[in-house]
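Q: Single-letter residue listing:
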Amino acid sequence: MALAPELLPGTLELLILKAVSLGPKHGYRILLRIQELSRGALTITQGALYPALYRLEEQDLLASEWGTSENNRRAKYYRLTKAGERRLRQETEDWNRLANGVGLVLDARPEKA
Amino acid sequence: MRSPRQLLRFIHARIDRRTLDRDMDDEMKLHIELHAEALERAGLAPEEARRRAVAEFGGVQRYREEGRDARRLSWLHDVVADLRYGVRTLRRAPLFTVASVLSLGLGIGANVAIFGLLYGVLMQPLAIPRPRELTALVVNYKGDLYSSVLHRTYLALRDAPGAPRLEAVHEADDILTEVADFHEYSRVEFVEGGFFSLVGAAPTLGHVIGPEDEARRNPVVVISDNLWTRYFARGRDVLGKQLLLRGHAFTVVGVMPRSFQGVRFNGSFTMAVPASFAELLGISETRNYVNVLARIDAPALRAAFSVPLDATYHRCCVAAEDTRGDVHVSLEDASRGIAHGKTDFRDDYRLVLWSLMGGVALVLLIACSNVGNLLLARGATRARELSIRLSIGASRWRIVRQLLAESALLALLGAVVGVLLAAAATRLLVSALPPRLDTATSLVEFDLKLPIMVFAALTALGSVLIFGVGPALRATRSDAVIALRDRGGERRPESRIVDRLLVVVQVAVTLVLVCGAGLLVATLRNLRAIDPGFVPTHLVAIEVETRGTAFEPAGIVPVHREILDLARTVPGVLDVGMATRIPAIGGRDVSFPYAVVGQRRREGAEVSITVVTPGYLATTRTPILAGRDFVDADTPAGERVAIANEAFVRRHFPVGSPLGANVRIDGLNGGEVVTIVGVARDVRLGDRRSPPEPMLHIPAAQAGKWPFLILLMRTGPNPERVMPVVTHALESYAHRLRIGGPQTMDDAFDEVLLRERLAAALASTCAALALVLAMVGLGGLVGFSVARRTREIGVRMALGAQRVSVVWLVLRGALAMAMAGVLIGGPLALGAGRALQSLLYGIAPTSVILLGGAAAALVGVAMLASAAPAWRAARVDPVVALRSD
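Protein chains in written order, with our numbering: chain A, 1 to 113; chain B, 114 to 998.
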């Protein structure tokens, strides 16, 4: 874990949107899901998850309601709003284009003389 | 803010900071616990698992802070940024900003000023704790409402089974007060023991009158802040000092704060003593009327409590002949003060104030549409800036929000200017009120009461909605991107239709206001034109009363000649006379059943009696139309005589002469027959709308026992200078004669038409404001369109158009808008006139002449307003215009 790369700024939000799009879940579950999907390749400072969640909620990309956790405690479940779905689609596209572009550049071979 | 949900969350976060913090803590705690459990399952010891979980979470405190910021500040941040941006853009367009702020300032100012009056007169609750609960007993006697009952009725109702706790306060009476060097008549209220505790007014010093004072008949008095200042120089040792009321010593036990002004509407508080002293201080049982008070919150409870009171009232206090009539008592809301006869002008002013409120709302509407038009024009010129921002990805809402922030800033500045203007205008108005209305002055005096501030804020907010939202939405419409391709010149035709519609509405609304003001001004003129039946200039009145003095047993008549002689000797006094009732000044309206000898008695008819001295009618310059005036020879020894007014003659002697006719007046000296020896011109006593009532003048020497007469003097050009001299002479003549209310007729006469004058003046101001604003709007729009069409005008002129036809081209547009406005406004003005009907006199609310005149004037002014732009259009140089882009 210590060797896993730091996230690019703004990526955490994208990951949260994706994780939540797979089904409503509370904060800890979102973290577990991201780690599970990335097969442990990404480092997330656990506490940083929450300010990110609030920012997304503040922008109306996530909605939340209170429910009960698996250990019977009060837990806040997040789900994606319509605006969140749109944002996720758009950001995914942007990300793919960016990753593609960066990948293409980095894959370049030495030019022939 | 982007959505209602966000707004809710924002408000929630502001209100309920603690709940949100707790929710956040719960979430983080749960996270750590779940993680610790997971670590434990992976084989760590519980202690160690917990430690690791906390460590891996990172700084809890830091993330709490960040979380809080994410929640609350984003919205606020945006607002601050929008406002900053708004300030910058407004500063870049100073002319636009000043024009808008002034427009809004005038509109909002007029609204705040009139609302201040409306609130002060119609809405303001009494300055007591929980005024909403205050309830007063009201007697409905065959449709007439009375707020007072005899003291003995109160006692009966108080003990009625099922009655709520009732307290009473005697209608204040003027009682001779002596302390130190003071010797004057002051208002004294008589209160039941529980009155002060029911009202809940706390004293600044000492204590209030309580039940034990009433029970033990303690001669105690509670004085006002004002008396404390005047009699005792605000000394802390005032408690325990004594003052004499009608010669009886009373001990001061408390001082009330300045804010306490009793429980009556527009009332004032001077001092109070226990009710048990009423008789000692000269209030006979039959004159002992009280206001009955209770504290009941809910209207339903008031109705419920009224039932047993009404039943008891019918058992104890309703005369046999009234039992079948519609006579009831009920408990009614008194939170704004008990209605109180003469000083209660609320009903008189209700319609006037609400009409004015409607008028200023229309003025604000005009101001808003001016600003809206300016914003539309600005939106057009800023189209390129906005479309660039839209096309580089700014969200539409973001830009709308910024534009609205600009509007909100304008409204805020407008509100500030408006409140300042309102304060100045109200001060002006108060200084124009007659001096005698000093308590009313305190009602309308402008101060920044919370409700007025709230009203100003709401008005500003409403203005933003009216003038801001439309232009903001329009400027950011998605097809505004087209503007990028435009060369910034021509606006889309449909937006010009909106501009024109706004101006048409302005003209229509202005017509309504001008017509309304015209009706009120015509009413004032018509009322002024009515002959009052006397010459009101340079008259001074002083009330001379014997009640509560050494002269009381014999009344005023035996000494009235000496008083007249005394007044005659004062330099500057030309004529003198005395009467029981004087027009505009007041006095007492006494009427008796009567019959003209030789004619059938009219059932229930009564005739007003005014007792006058010889020379009174000469003093007022009321013409004697037939017969003679009273002379000194009309004494109790001579023939009983009377002078009728024209109304009396019209009723009883439509043909033939009334002179020599005999009239039997029941109740005058126990029933008397008088002979009519003269006919006097009708005099309008107060309100000039009501036709004069039949009246008989009776000479004072034959009138029997009267407690007072009003001395009236016609003076040289300086009545004010005569007043104190006469007062002084009278006081030295009879030290303990009661002298009251020296007043000039000029002041009193002003007061008679006060409501009409205020209504006419305020409505005219309103109409003038509307006219100026609407013409600025119309002129501005025409000017703008000339500026935009410079090229087109140039082409026309190059093609040979005459200057005249160019001027006509411009004027035609203005004329069309003005005419359309007049056509729409005409019916509205007629409707408004009808709503004002009860205020009008001598003019029909549908007066075609007035409406036509106003419409013609409006169209004329509209032409004038567009004359300057038309002139500019005519001077367009085709060569220059065609070269311009």
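These are computed hints drawn from the structure, not numbers from a lab.
Bear in mind that the values here come from a model prediction, so they are computed numbers and not experimental data.
There could be a bad hint or two in this list.
[Unchecked claim] With a Cα cut of at most 25 Å, we get these calculated SDA-like pairs of lysine to any residue:
id : chain 1 : residue 1 : chain 2 : residue 2
1  : A       : 18        : B       : 153
2  : A       : 25        : B       : 241
3  : A       : 82        : B       : 155
4  : A       : 82        : B       : 491
5  : B       : 818       : A       : 24
6  : A       : 25        : B       : 443
7  : B       : 142       : A       : 40
8  : A       : 82        : A       : 43
9  : A       : 76        : B       : 512
10 : B       : 562       : A       : 59
11 : A       : 25        : B       : 155
12 : A       : 18        : B       : 171
13 : A       : 76        : B       : 509
14 : B       : 142       : B       : 152
15 : A       : 76        : B       : 171
16 : A       : 25        : B       : 136
17 : A       : 25        : B       : 132
18 : A       : 25        : B       : 504
19 : A       : 25        : B       : 509
20 : A       : 18        : B       : 169
21 : A       : 76        : B       : 504
22 : A       : 25        : B       : 146
23 : A       : 82        : A       : 102
24 : B       : 142       : A       : 82
25 : A       : 25        : B       : 512
26 : A       : 82        : B       : 509
27 : B       : 142       : A       : 43
28 : A       : 25        : B       : 139
29 : A       : 18        : B       : 151
30 : A       : 18        : B       : 143
Q: Which of the listed hints are not met by the structure?
A: 1, 2, 3, 4, 5, 6, 8, 9, 10, 13, 18, 19, 21, 23, 24 and 25
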